[in-house]
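Colleague: Letter by letter, the chains look like this.
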Amino acid sequence: MELVCPAGTPSALNAALKAGADVVYVGFRDETNARNFPGLNFSPDELKVAVAQAHSMSRQVYVAINTYPEAGNLPPWHRAVDIAADIGVDAVIMADIGLLDYTARHHPQLRRHLSVQASASNPEAINFYRATFDIQRVVLPRVLTVREIAELTGEVEVETEVFAFGGMCVMAEGRCSLSSYITGKSPNMNGVCSPASHVGYEQRGQKLVSKLGDFTINAYPDGEAAGYPTLCKGRFIGQDSDPSYLFEEPTSLNVMALLPELIKTGVKALKIEGRQRGKAYVAQVVSSYRRAIDAVLRGDALPDSNLGSITEGARSTAGAYQKNWR
Amino acid sequence: MTDTRSAALLPPFSPVLLTGFAMRPLPVKLMSRLLTIFLGRMERLYPEIASRLAPLGFCRFHIIPTDFSFSFLIILENGKATAKILSEGQAVSNTTASISGDICSFTKLLEGSVDGDSLFFTRRLVVEGDTEAVLTLRNAVDSVDLSLKHILTGFTGPLPPLLKKVTTPLSSLHRAALKDFDILQKSLIGPVTRRISQMDEEISRQEKLLIQQGKEIRKMQTMRKHSGVVIGEH
Numbered sequence: 001m002e003l004v005c006p007a008g009t010p011s012a013l014n015a016a017l018k019a020g021a022d023v024v025y026v027g028f029r030d031e032t033n034a035r036n037f038p039g040l041n042f043s044p045d046e047l048k049v050a051v052a053q054a055h056s057m058s059r060q061v062y063v064a065i066n067t068y069p070e071a072g073n074l075p076p077w078h079r080a081v082d083i084a085a086d087i088g089v090d091a092v093i094m095a096d097i098g099l100l101d102y103t104a105r106h107h108p109q110l111r112r113h114l115s116v117q118a119s120a121s122n123p124e125a126i127n128f129y130r131a132t133f134d135i136q137r138v139v140l141p142r143v144l145t146v147r148e149i150a151e152l153t154g155e156v157e158v159e160t161e162v163f164a165f166g167g168m169c170v171m172a173e174g175r176c177s178l179s180s181y182i183t184g185k186s187p188n189m190n191g192v193c194s195p196a197s198h199v200g201y202e203q204r205g206q207k208l209v210s211k212l213g214d215f216t217i218n219a220y221p222d223g224e225a226a227g228y229p230t231l232c233k234g235r236f237i238g239q240d241s242d243p244s245y246l247f248e249e250p251t252s253l254n255v256m257a258l259l260p261e262l263i264k265t266g267v268k269a270l271k272i273e274g275r276q277r278g279k280a281y282v283a284q285v286v287s288s289y290r291r292a293i294d295a296v297l298r299g300d301a302l303p304d305s306n307l308g309s310i311t312e313g314a315r316s317t318a319g320a321y322q323k324n325w326r
Numbered sequence: 001m002t003d004t005r006s007a008a009l010l011p012p013f014s015p016v017l018l019t020g021f022a023m024r025p026l027p028v029k030l031m032s033r034l035l036t037i038f039l040g041r042m043e044r045l046y047p048e049i050a051s052r053l054a055p056l057g058f059c060r061f062h063i064i065p066t067d068f069s070f071s072f073l074i075i076l077e078n079g080k081a082t083a084k085i086l087s088e089g090q091a092v093s094n095t096t097a098s099i100s101g102d103i104c105s106f107t108k109l110l111e112g113s114v115d116g117d118s119l120f121f122t123r124r125l126v127v128e129g130d131t132e133a134v135l136t137l138r139n140a141v142d143s144v145d146l147s148l149k150h151i152l153t154g155f156t157g158p159l160p161p162l163l164k165k166v167t168t169p170l171s172s173l174h175r176a177a178l179k180d181f182d183i184l185q186k187s188l189i190g191p192v193t194r195r196i197s198q199m200d201e202e203i204s205r206q207e208k209l210l211i212q213q214g215k216e217i218r219k220m221q222t223m224r225k226h227s228g229v230v231i232g233e234h
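Going down the list, the protein sequences come from chains U and F.
So in my numbering, spot 197 of the first sequence is number 197, and the numbers just go up one at a time.
So in my numbering, spot 79 of the second sequence is number 79, and the numbers just go up one at a time.
None of these hints come from the bench; they were simulated from the model.
Some hints here could point you the wrong way.
Far from chain F, by Cβ distances over 10 Å, these chain U residues were calculated [said to hold, decoys possible]:
no. : residue
1   : Lys-48
2   : Gln-109
3   : Glu-249
4   : Leu-258
With a Cα cut of at most 30 Å, we get these calculated DSBU-like pairs of lysine-lysine [unchecked claim]:
no. : chain 1 : residue 1 : chain 2 : residue 2
5   : U       : Lys-211   : U       : Lys-264
6   : U       : Lys-48    : U       : Lys-268
7   : U       : Lys-323   : F       : Lys-215
8   : F       : Lys-208   : F       : Lys-219
9   : U       : Lys-18    : U       : Lys-264
10  : U       : Lys-48    : F       : Lys-80
11  : F       : Lys-208   : U       : Lys-323
12  : U       : Lys-18    : U       : Lys-268
13  : F       : Lys-108   : F       : Lys-84
14  : F       : Lys-29    : F       : Lys-208
15  : U       : Lys-18    : F       : Lys-29
16  : U       : Lys-211   : F       : Lys-108
17  : U       : Lys-185   : U       : Lys-211
18  : U       : Lys-18    : U       : Lys-48
19  : F       : Lys-80    : F       : Lys-208
20  : F       : Lys-108   : U       : Lys-207
21  : U       : Lys-18    : F       : Lys-149
22  : U       : Lys-207   : U       : Lys-185
23  : F       : Lys-149   : F       : Lys-80
24  : F       : Lys-149   : F       : Lys-84
Every residue gets a Cβ at the ideal spot worked out from N, C-alpha and C, and that includes glycine.
Sequences and hints are given; from them, build the entire structure.
Modeller: Put into structure tokens, the structure is as follows:
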């Protein structure tokens, strides 16, 4: 079982390796990756150092080039693939079929993983990507139950990777454009959901008000944990009601309690989300999951872990993994 | 008297709060000079921070430690930083963003030993102004393995041995003082905490009672329905 961990900076990469990551995934400092936040990500030189460091510890580095190239502006994405291949990264994570085709033709030896952004969640779709672009792994969307993950893993010709911890979306991965209705930018095209340039917080009396552009997304009374203003996690006023979370509450995915079952499904890797988070988050989550995976593989009980303080909205859920109404 | 400030802007009861009071008589000019030297040294030791900050161009961050009687104005120009110390109540204009929180949170953030998002989401940090600039600053500082001790003990001249002599006992003194303050704080708010616990227990008891009564009412309604009498629908 591979533990795949996020790093938005070289320092976070150090923290992930130190905490026991088998693989660290990173992105370049541009719109080619889905965490295109200011001050974040790796330059080619920093990536070169990171790969050398990880390889010296017998660990791996994957590079996410997982946004959809802009029509008529392919060079930044092609350049990203070429640089990653030249540096000798262990795999690239991508969603766009044009980019997968480019990589398969120009760098056939470079491992290709299908990003969650491709939203491939059935055997036919996944096997099509395998047959056409020779992908070696698929990162499954967070919409499947543990039983479905087990069945799917048995039916596809590639390795499967699932998310274990981190931010949650409204389960339309790779297909969400909500952010672009207010900001003109979306995660799929620009690598950023609710870009920080459009985000604002104001303290109004005893409430913290979060805004995206000119729209109020939420108002948190003092003492209530706040969240980042994404439209899907806003509080809205429905018919004759007080403001409430109509789509999704601010909460993080945490499948630690399901680890024994998840490991039995045959998935190859567990992924931690959060390249936009700091190194303290990376160190805490990765070390907790390292301990938990090692304990389960030894046949021991799950160790105690306290990840509550770093979850969104100070809450966590096992989400669709334990959906019991299907 | 009621304090109308947001709870996050109230300083924690700690030894640092008292140290802040004690530092009030120190001349602002001297502290500004020391801070600029500190930033210069930080820039030399961690040049990667400047390269990540460069896209911000010109920025003014107002850093407000809630447990100190002064604040910091950090001015960035193409990744190069200068600083001013502002005394309590001193007006500051044209800031890009302001960040308020206790000084321990700021030092932990600098060293990357605490998650900035968690501090913000749990309201221990309050951010106002340009969120993108603050995020860039956080990411830039977090991109290196910064050590305050390394910066402080690297000053040239007579300062390093002196700082080493001072910082080591000071940090153990601070740890001990934190424990004492924790005990003091618990003893001060102990009666209130106990009262809240009692109220919580009473609320839980009442909630259980209400649920039980609701069940009994539904049971009675079903029984009466079967016997031909419907409560509330006459």
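Colleague: Does each hint hold? Answer for all of them.
Modeller: Now for the hints, and whether the structure bears them out:
1. Lys-48: Consistent with the label, U/Lys-48 stays out of reach of chain F, its closest Cβ about 14 Å off (over 10 Å).
2. Gln-109: holds (31 Å)
3. Glu-249: Since the minimum Cβ distance to chain F is about 13 Å, U/Glu-249 lies beyond 10 Å and the statement holds.
4. Leu-258: Given that every Cβ of chain F is farther than 10 Å from that of U/Leu-258, nearest at about 24 Å, it holds.
5. U/Lys-211 with U/Lys-264: violated (43 Å)
6. U/Lys-48 with U/Lys-268: holds (26 Å)
7. U/Lys-323 with F/Lys-215: Given pair U/Lys-323, F/Lys-215 holds - Cα atoms ~28 Å apart, limit 30 Å.
8. F/Lys-208 with F/Lys-219: holds (17 Å)
9. U/Lys-18 with U/Lys-264: holds (27 Å)
10. U/Lys-48 with F/Lys-80: holds (26 Å)
11. F/Lys-208 with U/Lys-323: With a Cα-Cα distance of about 28 Å, the restraint between F/Lys-208 and U/Lys-323 holds, given a limit of 30 Å.
12. U/Lys-18 with U/Lys-268: Distance ~21 Å between U/Lys-18 and U/Lys-268 Cα, so the pair holds.
13. F/Lys-108 with F/Lys-84: The given pair, whose Cα atoms are some 21 Å apart, holds under the 30 Å limit.
14. F/Lys-29 with F/Lys-208: violated (63 Å)
15. U/Lys-18 with F/Lys-29: violated (42 Å)
16. U/Lys-211 with F/Lys-108: Holds, at about 28 Å.
17. U/Lys-185 with U/Lys-211: holds (16 Å)
18. U/Lys-18 with U/Lys-48: holds (18 Å)
19. F/Lys-80 with F/Lys-208: Outside the cut-off at roughly 62 Å; violated.
20. F/Lys-108 with U/Lys-207: holds (26 Å)
21. U/Lys-18 with F/Lys-149: Answer holds: U/Lys-18 to F/Lys-149 is near 21 Å, not above 30 Å.
22. U/Lys-207 with U/Lys-185: holds (28 Å)
23. F/Lys-149 with F/Lys-80: holds (21 Å)
24. F/Lys-149 with F/Lys-84: holds (22 Å)
Violated hints for the displayed structure, listed by number in ascending order: 5, 14, 15 and 19.
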